[in-house]
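Chemist: Given next are the chains, with one letter for each unit.
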Amino acid sequence: MTAAEIPQSRGLRGALSDWFWRNPGMTLFLMLLPPLLWLGIIYLGSLFALLLQSFYSIDEYSGLINREFTLKTYAELFKPANLDIILRTVTMAALVTVGSAVVAFPIAYFAARYAKGRWKAIFYLGVMLPLWSSYLVKVYAWKLILAREGILNWTFAKLHLTWLVEAWLALPIVGGNSLSVSHTGTFLVFLYVWLPYMILPIQASLERVPGNLIEAASDLGATPRQTFWNVLFPLALPGVLAGSIFTFSLTMGDYIIPQIVGTSRRFIGQAVYAHQGTAGNIPLAAAFTVAPILIMGVYLWFAKRKGAFDAL
Amino acid sequence: MTASASSAPPPALSPAVTFEAVSRHYGAVRAVDGVDLAIAPGEFFAMLGPSGSGKTTCLRLIAGFERPSAGHIRLFGEQVEDLPPYRRGVNTVFQDYALFPHLDILENVGFGLKMRGVEAAERRRAAAEALELVKLPGYGARKPGQLSGGQRQRVALARALVNKPKVLLLDEPLGALDLKLREQMQEELKAIQKSLGVTFIFVTHDQGEALSMADRVAVFSEGKIRQIGAPEEIYNRPRTRFVADFVGSSNLLPPDFVEKRLGARRWGSLRPEQIALRPAGSGEGAPARIASVSYLGATTRLGLETAPEEGALRLHAAVPAAAATGLALGQMVEAAFAPEAIHLMEDAP
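Note that the protein sequences, when read in sequence, are chains A and B. Residue numbers for the first sequence follow this note's numbering, so the first one is 1 and each next one is one higher. Residue numbers for the second sequence follow this note's numbering, so the first one is 1 and each next one is one higher.
There could be a bad hint or two in this list.
Using 30 Å as the maximum straight-line C-alpha spacing, the simulated BS3-like pairs for lysine-lysine come out as follows [what the hints assert, rightly or not]:
id : chain 1 : residue 1 : chain 2 : residue 2
1  : B       : Lys-166   : B       : Lys-224
2  : B       : Lys-114   : B       : Lys-143
3  : A       : Lys-158   : A       : Lys-138
4  : B       : Lys-260   : B       : Lys-224
5  : B       : Lys-164   : B       : Lys-194
6  : B       : Lys-166   : B       : Lys-143
7  : B       : Lys-143   : A       : Lys-306
8  : A       : Lys-304   : B       : Lys-114
9  : A       : Lys-304   : B       : Lys-143
10 : B       : Lys-135   : B       : Lys-114
11 : B       : Lys-114   : A       : Lys-306
12 : B       : Lys-114   : B       : Lys-224
Computed far set for chain A versus chain B, every beta-carbon distance over 12 Å [as the list claims (entries may be wrong)]:
id : residue
13 : Ile-107
14 : Val-231
15 : Leu-235
No lab work stands behind these hints, which were simulated from the structure alone. Note that CB positions come from ideal geometry on N, CA and C, so glycine has one too.
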């Protein structure tokens with residue numbers, strides 16, 4: 001063989017490609033540098049700056065921030081009024097998560113197991129389309145839907161089921177003057193807005209469950225219910241969990257939906273908004289922010305212990 | 001149970017599996033087309049055929065994963081086509097094993113017992129025992145992903161057998177194993193079947209596997225059973241050209257060739273090992289030229305091309321290696337065989 005049979009490197013760009021090929025470690029380093037800087041400084045850096053604020057306190061008389069390490073602000077979180085906000089938010093986030101999982105599972109199952117070709121495209125469009133329109137428009141639309149004069153009440157009236165809505169609204173906690181000013185309304189809007197974030201991960205995890213496992217379970221005497229709880233659900237659990245991380249944390253951090261649709265009782269997001277804004281109590285706002293982070297941490301730790309990631 | 005030498009099912013009061021004119025159509029495709037079948041209890045039955053011949057669909061019809069478009073399926077006399085798989089008491093060893101990846105081996109094997117509500121301690125005991133039967137004791141705590149293909153295959157077998165099924169279905173269970181392991185598993189499967197007395201229905205496209213393991217073989221093509229019988233019968237007396245061609249490596253003899261020797265104008269088949277070589281000009285056989293020589297150890301496989309006046313046929317001969325030494329490509333020889341060795345087939349000439 002002569003040297004002429006080896007194609008020669010073409011100019012500077014060719015030389016550069018060759019150099020990167022010979023130094024894969026350097027290639028990786030250069031590729032990762034920008035995202036790592038972004039993640040490290042801007043993303044995590046600002047988060048830690050916030051966490052730091054939570055260990056400061058506010059002087060109740062002057063309204064000035066006292067930059068000395070203290071747990072006083074955290075103690076304030078446990079005042080009944082603040083604890084109430086946290087409990088309300090966590091309960092709502094948990095209910096929204098369970099509700100989304102229940103609604104999302106059959107949709108995701110259909111998409112993963114039965115939808116082919118054009119139906120799959122329709123599925124993706126159907127799930128993603130609501131995400132393309134403005135969040136505020138959707139929330140205000142729901143306010144109209146749920147209003148006393150709204151289409152939902154109108155439909156129930158046509159079906160002679162107004163008594164059902166009235167009975168529900170008469171219930172304590174979940175009820176109210178109308179759906180649009182009740183916790184039920186807040187729940188429905190959260191459910192609607194975050195549902196795609198639950199459907200897509202479940203669908204992705206179900207996609208990876210081979211169909212013959214379902215047949216094998218059935219072959220071994222499992223009824224459809226047993227197949228679901230012993231095979232399908234455990235294998236889809238990583239997807240359900242990934243979805244629940246989205247729905248749970250998005251619900252815990254949101255301050256717009258409960259303000260537009262719901263009661264005057266506050267959620268964590270609204271408390272953070274109020275404390276860092278008008279009240280100027282940055283430390284308490286920061287402490288409120290830590291609560292969801294801790295709750296998520298505990299949730300994930302618990303899920304891991306329960307083996308939710310084993311099927312990954 | 002001894003192998004029946006006739007193509008009729010062995011006599012039994014109620015066969016383990018009965019097909020009565022069973023068809024399964026997908027649109028215009030007739031995956032299974034009017035199959036009648038009776039498999040006796042305790043029989044080792046092989047369904048043999050090329051891919052797409054309907055053998056796997058038949059197995060899925062027995063398991064209950066598919067429902068027949070027409071006809072009836074009975075298990076021990078009971079009509080089952082309306083029963084879901086979990087009510088049939090039949091277990092399957094899947095082609096790619098279908099082990100549950102999130103469960104360890106012991107849980108996999110004990111799955112069927114758990115579904116039936118067997119308590120945990122008894123379940124573990126039975127699962128451990130089943131693992132011992134398939135020679136995998138002590139593997140219970142591992143996950144399927146940590147086992148080799150051969151080990152997974154054994155776990156799949158244990159998972160099915162632990163339920164003490166009356167009929168065990170095996171869908172090409174050895175297809176993914178290498179040759180040595182496959183031969184070993186063939187012997188073990190046969191031994192397990194004999195010791196448990198369970199009806200085994202075994203789907204394969206490997207004729208050697210079907211012939212060596214089964215009491216009876218059904219040869220499938222295009223959704224129909226072309227021949228049912230004991231392995232010797234299928235091998236020595238194929239009914240049609242398709243069966244002769246698919247089972248083993250028979251030489252197909254055209255009607256002209258057969259007529260000259262037997263007087264009957266029919267298609268014939270001739271096994272390669274029934275052809276002997278004679279020197280050219282000896283007049284003991286058909287003159288032929290050696291077109292290929294493959295050394296196979298004990299035997300040598302020769303490709304022969306008969307002279308134009310004998311139809312220029314391509315014949316394969318399997319001769320003892322000693323008889324083939326010194327043969328060269330292109331050399332003229334004579335291919336000799338007894339006319340009685342030609343088996344006549346039922347196809348129209």
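Chemist: Are any of the numbered hints broken by this structure? If so, which, sorted upward?
Modeler: 4, 12, 14 and 15
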